[in-house]
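Enquirer: Generate coordinates for the entire structure from the input sequences, incorporating the hints supplied.
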Amino acid sequence: MELAQVRLLVTDFSACYRFYGEVLGLKPQSGAARGPYEKFSPAVGSAGIALQDRSVMAEMLDELGDTAAGHRSLVVLRVDGLDAYCEEITMRGATVLHGPVPMTDRMRVAYLKDPEGNLVELQEWLLLRG
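Heads up: the sequence shown is residues 1 to 130, going by the working numbering.
Honestly, the hints are just simulated from the structure, not real lab data.
Each computed BS3-like pair below joins lysine-lysine, with the alpha-carbon atoms no more than 27 Å apart:
no., residue 1, residue 2
1, Lys27, Lys113
2, Lys39, Lys113
3, Lys39, Lys27
Source: prediction; values computed, not measured.
Expert: In structure tokens, the structure reads:
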């Protein structure tokens, strides 16, 4: 078994497409900025984050409804140089809600939300530093 992706069900596809592509700097697979689906990949690693228009999935699974309530996911991305990355994405439109701060003696984190309110945790693994 291999993890292919984490898929987020979103209602404002265009805003989320811009956030994951332009703000966070992930690479879109096909360039389908209007949806209803797109997968984004980081520069390294094989797993990705995909966006799926919620209304398309709701046609198959009625229980999804039109909108989600509460926090339904936490996307976690590992980055090198957390402080510099947070400054970079802030200049591109992200709002860092908390951090960068130590989570443990081995990790620092920062938190933000995408346009749909999904939480994004940015991790810097301190053990990987020289």
